[in-house]
Each structure stands twice: as structure tokens, then as C-alpha cells.
Amino acid sequence: MSHLNGKKAMHWPKTSCRPEDLAVTIVLFLAAIAGGLYILLAPKQTFSENENRVLQGAPEITLEALLKGSFADETESFVNDQFPLRTEFLCLNTLSQKAVGRRDLGGNYAVTPAEGGVYFGAKGHIYEVLLENESGIFQKNAQALLNFSENAGIPLWIMPVPSGSQEQKENLPLLAENHDQREELEYFQENAAGETYIVDTFDVLGSWNGDFYYKTDHHWNSFGAYEGYKQLVSEMGLQPLPKDAFTFRLASTNFLGTLYSKAVDFTQQPDEIYLPQLKTPQNIVQSVGGEEREGLYWEEYLQKKDQYSTFLGGNHSVEVVKNLDQTNGKKILLLKDSYANSLVPFLCTHFSEIHIIDLRYYSQNVYEYIQENDITSAAAVYSIKQLCDVDISNKLFS
Amino acid sequence: MSFNNLTFLCFFLPISLAAYYLVPRKGKNLCLFLFSLVFYAWGVPSHVLLLLTVILVDYLCGLVISRFSESPGKGKAAVAVNVLLNIGILGYFKYTGLLVTTLNAAGLSLPVPEIALPLGISFYTFQSISYAVDVYRKKAPAMINFISFASYISCFANIVSGPIARYELMYPQITGRQETLEKFARGGRRFLTGLFKKMLIANTMAELAQRVQYMDAPSTLAAWLGMLAFTFQIYFDFSGYSDMAIGVGGMFGFELPENFDHPYASRSFAEFWRRWHMTLGRWFRDYVYIPLGGNRVGKLKLIRNTAVVWVLTGIWHGASWNFALWGVYCGILIICEKLFLQKVLDKLPVFFQWLYAFLAAAVGWVFFSYTDLGKAGTLLAALVGIAPNGADSGGYLLVTFGPMLVVAALFSSPLVSDFIKKVREFGAIAKILWTVACGVLLLLSIGAMLSNAYTPFLYANF
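Those sequence lines, one after another, are chains Z and U.
Mapping of the first sequence onto numbering that gives the first Met the number 0: position 25 corresponds to residue 24, and the numbering continues sequentially without gaps.
Mapping of the second sequence onto numbering that gives the first Met the number 0: position 117 corresponds to residue 116, and the numbering continues sequentially without gaps.
Because the hints were derived from the structure by calculation, they are not lab data.
There could be a bad hint or two in this list.
Unchecked claim - Here are the simulated SDA-like cross-link-like pairs (lysine to any residue), alpha carbons at most 25 Å apart as the crow flies: (1) Lys168(Z) / Gly401(U); (2) Lys421(U) / Leu21(Z); (3) Lys374(U) / Gly106(Z); (4) Lys67(Z) / Met0(U); (5) Lys122(Z) / Val398(U); (6) Lys97(Z) / Leu397(U); (7) Lys43(Z) / Leu397(U).
What the hints assert, rightly or not - Sample of chain U residues facing chain Z (criterion: CB under 10 Å; computed from the structure): (8) Ala40; (9) Gly175; (10) Arg176; (11) Phe183; (12) Leu324; (13) Tyr328; (14) Val435.
As the list claims (entries may be wrong) - Simulated restraints on C-beta separations: (15) Leu414(U) / Gln138(Z): 49 to 57 Å; (16) Ser15(Z) / Leu414(U): 26 to 34 Å; (17) Gly313(Z) / Phe425(U): 58 to 66 Å; (18) Ala64(Z) / Gly376(U): 44 to 52 Å; (19) Ile431(U) / Pro42(Z): 32 to 40 Å.
Small disclaimer: the values here were computed from a predicted structure and weren't measured.
From the three backbone atoms N, C-alpha and C, an ideal C-beta is built for every residue, glycine too.
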């Protein structure tokens, strides 16, 4: 380009280089080259907490990878994953979307069924966008659960838990649409027969009673879990412990949950996590994967991103929670998703043993498990969203 | 590879430019050709073989055509062979699936072949045809140097989605272009403009358009929002891509032809098409319409010629019958304008001329964007208020996308670009502010690229 230097604007005023063009071109290449050098030279990130996935490392050049095109895919993932200030850029994106008036983010309507993403709600809440059921997964799951009691020969209490965006509609953006999860509740209620009982938590979790959901996570908070517990054991004919039988210990003030991950935003106020503890302590043991632990809280998770896993240490295919101070000998089977994890600290006060099975990860026969362990009753605690999204019905075929 | 991609931005572009400016003059076309092959092979490496075959065949055809330049019959035959080969390749890769499924729908039960559409094939086969015809018409000499010819067909700036650069225009640039700092800087700015259009406007409009396309029964408001969103999406997507292509070309010293000139400011549908995807319109005019006789024929032939061009334009855009229908729709409107509608329009106030042209384009995009004609019908009915099962989702879409719709509308009009041009000429402070604003928009674009790690261009599938 140096050959231009001698031919200044005097000769060709109309074709001379505009300074602002040059300036933005320099900005473009400075950014591009700085990004490129950083990606090549900086230490590589290996894991993204927000996305809960392993980040792409430097791709290997092999003939096969080149010919199949996988080298190209891996390189693009590598560049995207290792880009400098990646999280800051994602935050910038969220903030700019909010600035231009967007009230939701992270949806994908190019796939069927579509993914709704999240709403930016009032009072610092992020909410799941609930879309109409189109996959038929809910019907399959519901039918399998409704047949369970007859197949197993024991009573089943089904507790379908609504999402925060169902219960706190007044916080949703103006005119926001949301699928009404009462449809699923009513489906259960209309089709429940025999020893299958449906536990309705819609009213007790309503926002007029308090805030029972995390702002940044799709789960109910410990107070919501308490309301669920109260409802469940009452329906089972037991006397729930009053709320003031527990202390709610503030264990974390910096929890940023799964909904936050869909709309990374440094201005978001984090959640608090409370761990309920019975004021007259009981000796609780959780046995999972052949090992026994005292208590139900895996507090090492409070130092990680996934703080909700403090409850029971996350999801396991099968685990048993024993209350050594409870001598009634009652054994219950709990079919569940992660909503139940924060419910178990309350529930365990009533049973000698809670056998917890997460059907998403369990590959054995549930009915045999019931017989082998002399289980006499069962509860199914599921968020309705989960029942609509993930098919667990084939795990319940007898 | 595509332009709105950090791998391109941080690695491919700087490295290819550095190499290009370091090699001596003699090696520049070879350098461009090699980088173009890498660019092309990036996604589906095997398609490079097809590209090389096309280049070789066209190169040989060009030599034959120029050899027979004094015997028109033989030259014509060589052009015909070249055109048939190129159309054959395009037809095989693009339309076999459509042909088979259509035959199956008519009662046959043939196996539907799975043929992946090679990147940019609709564009480079058209450049190939342009080469053969221009050489035959002696608008430019055949390329003797194979590498030079290969760099014309494969140039990564425009191989994926144009602009379709006619050989006549490109010959002098391939053989003796001059890279200048002025072209380079203008290219950088142009590239950024395209990147902003694609990442900051087109993608948001795409989200809205997709939401409405996803609905089985949109309400009237939702139908309007969806149609407008797609109207802006396709403009900012494609004109953004063209800006990036022209910008990249400029950095390598090329002056690629313009592709868009504020089409939504048109006052007739024919004018819209003179300002929309201009290089395609020009191609059809030069290589189809005029050979058929063009305008200088009787009324019936004029209608025939126009109809042929528009049906071809339609199916060129995609291997599905809705594109043919869209072509027919465009053809009918343009024939009507030629016959009588333009005279009616001329009597209307300017606003209504614009409104007609804009809505004609927008309604056309309904046929274009819905491969399912039943769904297109539902949407069209909803537009005029017939939405018996219309879900009431328009209100929220207006809340969450309204501001960006306004932004898109403003930036698609000449008003804003004229204003920005004026601001840039206003003085040093304005220039600094403008540069800073571009820097901020670049950061936002990077944020958008990272947040949807992968967003293929609409037009890349053609």
C-alpha cells in the first residue's frame, strides 16, 4: 500500500482515502487480530459453568478430520469457545437486547417443537417461556404415571409442580403469552383412578402467598419446597411439621441458576439459597452409589456454579435417604426430577426410608425394585415442564 | 465458511490478506485462488472437486469458443455445450430432489436421492455462463491463464452468495487490478456495514419471522408482524451479505458490482426489481431476456419473455414449488405494470405508489418464505383479517420486537443512510463519533456472533 503515499489527495481528490474509513478498518483489524492472537496464545478455558459443558480445545489436524469437514466445525467451536471476554460479550449481547426493548431471549423457533427461552420478568425474575405442548411427551408420561399404581400394587401420590412463570404471571412482560399448566394438572385430575391421588400445589405456590421460586433458576426455592411438602404429606394423611419447626439457614447469596445461563447479565441480582434444618436435629443418612453420607446437603456445591445441587448432591439414578430417628418403618418410593431434591429435607422427617429414583437415569425395573425393598407407597414429584419435555414413560412399563 | 463468523474475522481474513499483499504481483491470483479453495472446502471438502471440475470445463470451453471466434456456428455450439453443462450441473445438484418428489406425488414411487447442495453453486454456475457468453459476444477475451480464470470463478468474496460478477466487468480486474489504500479502507467500512446489518438487524428480524412462521394460526396482527419481519430479514440478510462481499472484494483490490439500492423505497414493483439483487436481474436481462428479444417485440412475445424470465428467477431461488409460484407472482405484477398498471400508478400520489410497491414485495416474500403453501394461504388470509382461529400473540410480539422493527424500517429507507453520510462529512468530531459508534457496533456484533455461535445465511442455501 506504500505506493499510494506519493500520490496524495491533490491528484485524485475524489478517490482519496477517507480518514474515517481508514479508522474503522483499523478498528476492525485490531479487534480481529487481537482476538485471533488471544485465542492462539492465551491459556485455554476448559469448561463453561454457565453452559455446563466442556469447551472446545485446539482442534487436531488429521487428514480424516480435514476430509470430513470436522476440522472446520471444531475450529469454529474452538474460536467461539476460546474468544477473549466471551462471557462479557454474552452479557453485552443480553444488555443490548434489553436496551432495544426485547422482553425475552434465548428462544429457538427454527426447531420443532420450538424452545421458548426466557422472559425478563419484573422484580429481578427471569422466567421460563412456557409453550403449548406439541410433542405428546406429556400425555405419555402422564399415562405411565397414572398406570403406575395399578402395576405396582401400591398407592401413588402425583405432585405436578407448576413453573414460576405459571405462578407469578403478574411479573411477566406486558401481554406475554404463556401456556397454562393447569391443563396438565387437570389432565391428571380427570384421569386419576384407584389408588392414584393428585396433589394440587397451584394455589399454595401462588405469588399472593410469597415468592416461592428462585429469580435466576427454574426450581422452586426452599420455601416453595416447604409448601409442596406440606401439601403432599397432608394428602397422604400425615401431619406436616409447621414451618417454624425448621430453621432456614442462609447458605448462599450468590446463586445464579439455569435461567440466568440463558441470559448472562452481570447486572442480574443473584439468588439466596436457604437450607432448612429441623430445630430438633434428626440423624439423616443419604446412601448413594454404595456410599453413605451424613445429612442431605453437599455444601461443596455452594462454591460451584450449580448451587442447587447442594440439595442431595444433584440427581442420581437411585439413592436412599434414611432417617435413623424415625422408627415407624415406613418406606416410600419417590419418583422425581430435581424439584424433589429440595423437598426431601422436609419429607425425610416422616419416613424411615425414602427410596429415590430418577427415571431419567435409572435403567432397572422399578416394579422389581419395589418388591425387593418392601416399599408400601409412592410419590411422584415432577415439575410439569419436565413432564412435557422429557419422556420417562418407557421406564415405567411393567 | 461464511463472513459473519469469528473464525473468518479473526483468522481467515487477516491471514489471507497478509499473504495476498506479501506475494509478488504475479502470484496474487494464485494466492487468491488457493485461499478461495480453502474457504470453499471449509464446510464440505468434497465439493471442492466439483468446483475444480466446473472451472476446468469452463476454462476449456472458453478456449474453444475463442478459437472459433471467426466461425459463429461452431462458437455458438461451444457456448451451447457450456451452458448445457452448467445448467445440467446446477439442475442435478439442485433440482433432482424436487423432480423426484414431484413425480412421486404424481403417482410414481422413486427413491428420493439425497444430494447435498454445493455452496454457492447457483451463483458460480451463473458466472460460468456469463464467461462463455461474454467471450462468445467478444465483450472480453477468453482467459488464457488457468489460474486467473480459476480466481474469477472461485473468488471467495462472492462465490457463496454473489454479487454475480459478469465476466465482461471482471476481466480487466482479474488481469490488472490495482489495490489501493482507498479501496482497502472503503472495503473495511463496507464489510463492517454488512456485518452490522446481518448480526444486529437481520438476525433479530429472523427471530420474529420464525416465531410467526411457527404458528399454525397467526392472528391478523401477528401475520402482519411476521410478514414485515421477513421482509426486513431478507433485505438485511442479503444486502448485508452483499456489503460484506463487496467489502472483502475491495480489500483485495476488486470493485464488485452493487447488488442493492434501497429497494424498499421503490414506487413500482419493476423498480423494486431494478434495485433488489441487481446483479441477478442484470444477469437475466443480459443472458435470457435480451436473447429472447427483450422489449422490442410484440405484446404477446413481451409477455412470454417476461414470463420466462420470472419463472426462471423464481425457481433459481430454491428447489421447491413455492419459489416457482413466487416467480409467477412477480412476473404477473411486472407484466401488469408493463401493460397498464404503471399508467394507473403514475396518477396516484407518491405515497400510494410506494405503499403499493412495498406491499407487493412484502406479499411476495410470503410465497417465498413459506414452503408449505397451505400455511402461506393461512397467513395471507390472516393479513386481511380472516383469522378464525388466530392465536392472540401479536400484542406481545409487538412489545418485544416493536422497537427493532422500527429500526429495521428506518435503516432500510434511504433517509438514514443519507443522514449517516451527511454526518460523516460534517467535520472531525462527527468523524470521530462515527468511528466510535462503529467500534461499539462491532463489539455488539461480536456479542451477537458469540451468542448464536452459528447462523447460516439464508441465501447460502440457494
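Results for each hint:
Under the criterion of a C-alpha separation no larger than 25 Å, the hint pairing Lys168(Z) with Gly401(U) is consistent with the structure, at around 22 Å. For the suggested pair Lys421(U) and Leu21(Z), the alpha carbons sit about 18 Å apart, so the restraint of at most 25 Å is met. Simply put, Lys374(U) and Gly106(Z) have alpha-carbon atoms about 22 Å apart, close enough for the 25 Å limit, and the pair holds. Simply put, Lys67(Z) and Met0(U) have alpha-carbon atoms about 15 Å apart, close enough for the 25 Å limit, and the pair holds.
Restraint check: the Cα-Cα separation between Lys122(Z) and Val398(U) comes to about 19 Å, which is no more than 25 Å; the hinted pair holds. A distance of roughly 15 Å separates the Cα atoms of Lys97(Z) and Leu397(U); the hinted pair therefore holds under the 25 Å criterion. With a CA separation close to 42 Å, the supplied pair Lys43(Z) and Leu397(U) exceeds the 25 Å bound. Restraint check, Ala40(U) versus chain Z: the minimum CB separation of about 8 Å is within 10 Å; hint holds.
Because the smallest distance between the Cβ of Gly175(U) and any Cβ of chain Z comes to about 15 Å, over 10 Å, the interface hint for this residue is violated. Taking 10 Å as the C-beta cut-off, the interface hint given for Arg176(U) is violated, the closest approach to chain Z being about 14 Å. Checking Phe183(U) against chain Z: minimum C-beta separation of about 7 Å stays under 10 Å; hint holds. At a threshold of 10 Å, the smallest CB-CB gap from Leu324(U) to chain Z is about 23 Å, leaving the interface hint violated.
A distance limit of 10 Å between C-beta atoms decides the matter here; for Tyr328(U) the minimum to chain Z is near 25 Å, and the interface restraint is violated. The criterion of a C-beta within 10 Å of any C-beta in chain Z is met by Val435(U), whose closest approach is roughly 9 Å, and the hint holds. With their beta carbons about 53 Å apart, Leu414(U) and Gln138(Z) fall inside the hinted range of 49 to 57 Å. In this structure the hint that Ser15(Z) and Leu414(U) lie 26 to 34 Å apart at CB holds, the actual value being about 27 Å.
Between Gly313(Z) and Phe425(U) the beta carbon distance is about 59 Å. The supplied range of 58 to 66 Å therefore holds. Remark: the range hint 44 to 52 Å for Ala64(Z) to Gly376(U) is upheld by a beta-carbon distance near 46 Å. A hinted range of 32 to 40 Å holds for the C-beta pair Ile431(U) and Pro42(Z), which are about 36 Å apart.
Violated hints, listed in ascending order, are 7, 9, 10, 12 and 13; each of the other numbered hints is respected by the structure.
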